[in-house]
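S.K.: So you can see what is in the structure, the chains are spelled out below.
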Amino acid sequence: MKTGAKILVEGLQREGVETIFGYPGGVVLPIYDELYDSSLRHILVRHEQAAAHAADGFARASGRVGVCLATSGPGACNLVTGIATAYMDSVPIVAITGQVPTSLLGNDAFQESDITGITLPITKHNYLVKRTEDLGRVLQEAFYIAGTGRKGPVLVDIPKDVSMRSIEYDYAASEPVTLRGYQPTLRGHAKQIDKALEMIIEAEQPVIYAGGGIIASDASEELVRLAETLVIPVTTTLMGLGAIPCDHPLNLGMLGMHGTRSANYAVTESDLLIAIGARFDDRVTGKLDSFASHARIIHIDIDPAEIGKNKKVDVPIVGDVRSVLQDMLAKLQKKKSYDRWLTRIRGWKEKHPLQYVSDNCLRPQYVVEELSALLKGEGIIVSEVGQNQMWTAQYFCFRKPRTWITSGGLGTMGYGFPAAIGAHFACPDQTVFDIAGDGSFQMNIQELSTVASNNIPVKVAILNNRFLGMVRQWQELFHNRRYSFTELPPVDFVKVANAYGVDGIKVESCEEVVPALKAAIETDGPFVLDFRVEREENVFPMVPAGAAINEMIGGKQE
Amino acid sequence: MKPHTLSVLVENKAGVLSRVTGLFSRRGYNIESLAVGICEEPGMSRITIVCIGDDAGIEQVMKQLNKLIDVIKVSDLTDNERVERELALIKVTAEPGTSRAEVMQLATIFRAQIIDVAAKTIILSITGDTEKIDAFEKLLRQYGVKELVRTGRIAMLRGSKMLKGVK
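Protein chains in written order, with our numbering: chain A, 1 to 558; chain B, 1001 to 1167.
Next comes chain B alone, as it looks inside the complex (with noise of 0.2 Å):
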């Protein structure tokens, strides 16, 4: 059992997204992220889902998905070379002369953004993947992390190797 990145071409139309995500909870399996949004091809979306399973358990889901009129094409990212990001608000308590300048400090190392200040609270907006989101998420915690809200995981093949193509 290992977390797979598969992505998804479909066709942009209404209740795509409910077939898609239906499929997974009806066949048992959970979804860990999921990311949509359109594509370079007009009239379609890329879905980028995780999901944990045994390789034979994401063969089958893959092969379900693919049956989908509406799925153009599937594809397994996992044993790829592969980039991939997350993006995340974290709005946080830094009132100015106590925690504001670490919080400031912590976010340049990081290579975040600060992109609301406010009298009493900081918005910040990082991209990375998991393991570093999760990394600045648990620094800022002892400042008061007011809220958190995160983006699906996307995914792309490295080099010139291309994710297109029809079933």
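One chain only, chain A, in its complex shape (with noise of 0.2 Å):
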């Protein structure tokens, strides 16, 4: 006989979880008492919403599913940001949460609430185990969903009683999941394969756009392989970067709102878009009308819904990106020189670099370049939100897939430091680093508290300005520099950090930097550097709200 609590704790480790992220409460006692002797690791978090983060970074840096577990009530709503969180950036996280016993469903019992509905419009998929007999079936499917298709948070919600029942449970005995409404499209379809690659050989400035479904599929090297061997240029989404390496002569760096110039041109430029695992999310087509309106589009999703979302679409392939990839690279035989297009986009390279003012003053974009000389690409960046977020996606240099770790589609800020937590678990022999706004850090600041704890060597690099630097930015810009509620107060973060147990320095100027980054990076627990850069620094270039993507301002004009 085994308890649904103990069907649950051995279930996560047949589906080969090794740490799960939680916090505690009334209707989990059943099962904290089974993880009180279990193997399974379990790493405390403060907020339960830290719990959530972290399974998200968890899955994001290793690819695998993340696991997190809240009590009911407050501890399941304190999980809905984080739920929300991976939904708009496809992250596989299974959150398990407490329930009321069956009996008080829907009863307004202590700290009940109805987290399946809550959860209804942000989770790929929920489920209320009413029964111990089910639970085993669930967890299983609840795993396989989220991390297969397009990606994405399952929620279980396991009432008290059904943890706590004892059952004759046989895991060898069940059955392997099939859903018939689950069926996701794997391989693409050839036809349309050879319709994509026809008019690759027809087009005169064709452009990949590539995005994280790239990361996702683990496809970054059939992505590569395909733009050298056609030699298209790549520009990727903020979800793509790291999917070809920053520095490779055919990528063009981020486009969209902050992207580079020779990106965005040479999108509103191409005659032929392949979007590939990418969404035209509003932050990258700027005006939609404008966007890439020269061209036809091939677009690979796995998902069929994003297909001609926004935009109308000339050959979709639906299908996985990695499949759909390596099956255009196998009939790939005809090619073709895009010499005169590619002088184009050169010259647009060399004449926009991303660029800022260098002087003696401390600004944000230095400590980031700093940190990716130092670093050379290895290591893992985790990023808060804002022009923290901007600056890291601009400046540092990405070499490999799931190295970049950022909350895209939702932009949560506080994401990145328990995120960073999760990364940790996934690749511990990395460094990781949480790039943060002063603002950002403040909204999960209590995780010092997990990190010291459990010598969690991450490292935090506060790019502190006093201000939600994004949205002073938009004040500056299109509201008369009326800083409405956007300046705080000075934090010494060193101070704080200090008080939870863990070291810090604070950096005031640039010569400072370079020391302060190597001696984060050399210790071996968890470490906080507060950079008060310069405080008014912008986010260049940028694209106002409802432009085209050709009409940038700031950074070097043509």
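Heads up, some of the hints might be wrong.
To be verified - Derived lysine-lysine pairs resembling DSS-like cross-links, with alpha carbons at most 30 Å apart:
hint, chain 1, residue 1, chain 2, residue 2
1, B, 1073, A, 195
2, A, 191, B, 1067
3, B, 1013, A, 287
4, A, 331, A, 351
5, B, 1002, A, 309
6, B, 1067, A, 195
7, A, 336, A, 195
8, A, 312, B, 1067
9, B, 1067, A, 130
10, B, 1067, A, 311
11, A, 287, A, 335
12, A, 311, A, 191
13, B, 1063, A, 309
14, A, 334, A, 195
15, B, 1067, A, 309
16, B, 1063, A, 287
17, A, 191, B, 1073
18, B, 1073, A, 312
19, B, 1073, B, 1146
20, A, 2, B, 1013
21, B, 1013, A, 311
22, A, 195, A, 6
23, A, 6, B, 1013
24, A, 130, B, 1073
25, B, 1161, A, 191
26, A, 311, A, 287
27, A, 130, B, 1002
28, B, 1002, A, 311
To be verified - Sample of chain A residues at the chain B side, in silico, Cβ under 8 Å:
hint, residue
29, 116
30, 172
31, 173
32, 176
33, 177
34, 182
35, 309
None of these hints come from the bench; they were simulated from the model. Beta carbons are placed, not taken as given, at the ideal position from N, Cα and C, and that holds for glycine.
Take each chain as given, in its own frame, and dock them per the hints.
M.R.: Here it is, written out as structure tokens:
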């Protein structure tokens, strides 16, 4: 006989889970009692939101399903932002929540919340398990759904009596998952692939627009091979950074609102846009009618609903990006020279590099560049959201997939620090940096306690400008510098870190940057760097809201 | 923009209806009519939804519906030969000696059934397409419609074509 709690914990281990992130509470007592003797590692966070983000960071860094655990009511509700973050970026996590006993369901019982109802629009699927007999199967389905097709979060809500009851249960007897309503298309349609290849030969000015789907399906190698074989330039989305090395000659950098001029010009002028694992998000397209308006479009994506959602597509290919790219590579016969186009692009790249004022002021871009130089493309970089995120995307040189972890779709401030904790458990040998703003860091600053008590060697580099910088930038540019509620009081983050038992250094000049970064990297445990950067630095270039992406402000003009 | 009749085959499980309808409201589409019931396959239900939208919008809704794990198949019947039916129950004032005979005569013309008779009212049951029921209800209004209950629309392809199958 096994309790539901035991079926759960053993089931997690059978799914290959080694680490979970959680926070105990009343109705998960039976599960926590089971964890007490289990070899499953449980990391106690200080707020459930951090558990969800840590599971998400783990999943993005490892490519495996991340797991978080919380109690009912407030515990479950605190996971919501983390689940929504994972949903928007198609990250596979399984969130397990306790629920009040089945006899009290719907009764407004203490710490009851309808978490399956609440998370309906932000999960790929969710379950309320009403019988212990269903728990094993539901868990298998949850991992299967989270980790296949277009990946995403799945929530499993377990009432207390379901985890307490004992039943006969045999894992070996459980059948493989079959869901008649869920059969993702993995192989691309052969004829569509042929059509795409023809279109590539017909094109004169093609551009590959690569998104997070490349990372999710581990297709970076195939992407680079395709680009190199055809000699087609590549621009990546925020989520696609690392899919092609930053310094690859065919890489145009990021496109969109804070993309490079060369990427945005190339897409605007292109006559063929090859979208791979990308979803034509508004931060990428700007004014939709002007986006790649001269181009025919090939769109490769695992989710049929993304095709044609925002932009009419000429050749849709539904399938796993890696599989489709492999098929394309196998079929490639003809080649064509796009030399004139490549020369134009090289011209843009030379004329419009990313740049910032280089002087004695401590500028945030400089901090990111120096960190990039020190780590030499190694390590895992996590960011918060806002200016810190955009500067990192622009100035850190990502060379490998899964080394850049950021909340792209939902834009969740407070994501970075707990996600960095998760990334550490996925890749314990890697240096993990959270590049933060002073605003974002304070949204999950309590996790300093988690890293201190577990000696988790996550480094936090705060680009401290005492502003909610990105909002301030918009106020400066579009609201006459009326800084409505965006100025933050000074915080001594080193003192805060010390209070939690974490070391830190305050940095106020350019000369101190490299030694401070080195000190952080060389420290075995967690470390906090408080960079007092130029306060009103802006992220440029920038496409104003509603403008076409070639109408950029800031940076070097044509 | 025109009304589309969507037939959605789903797992007969708790919460499926809210997953389906929640998707419509979340993505900004209005449901004009909704009917749910079990179907020929054990363990499945069929939801018939009438929704107004342009072709691109409806295509997007159908793709999003298909992504729901508990949705097995989604079909748009709009451009196919089909039969559609709704049912309405109408409680109408029909006092003996005054309007009762006229109401009963209208019922005969519309092939409605009288399913309850009381001292001052009768209840009529009518099936048909939307237009027929609308017309009947409009005619009855002069006698005093006390209460009207209508089902959502259900639809089926004509001939031997079927809606079955998995996505």
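S.K.: Of all the hints numbered above, which does this structure not satisfy? Sort the numbers upward.
M.R.: Structure breaks hints 3, 4, 11, 19, 21, 22, 27, 30, 31, 32, 33.
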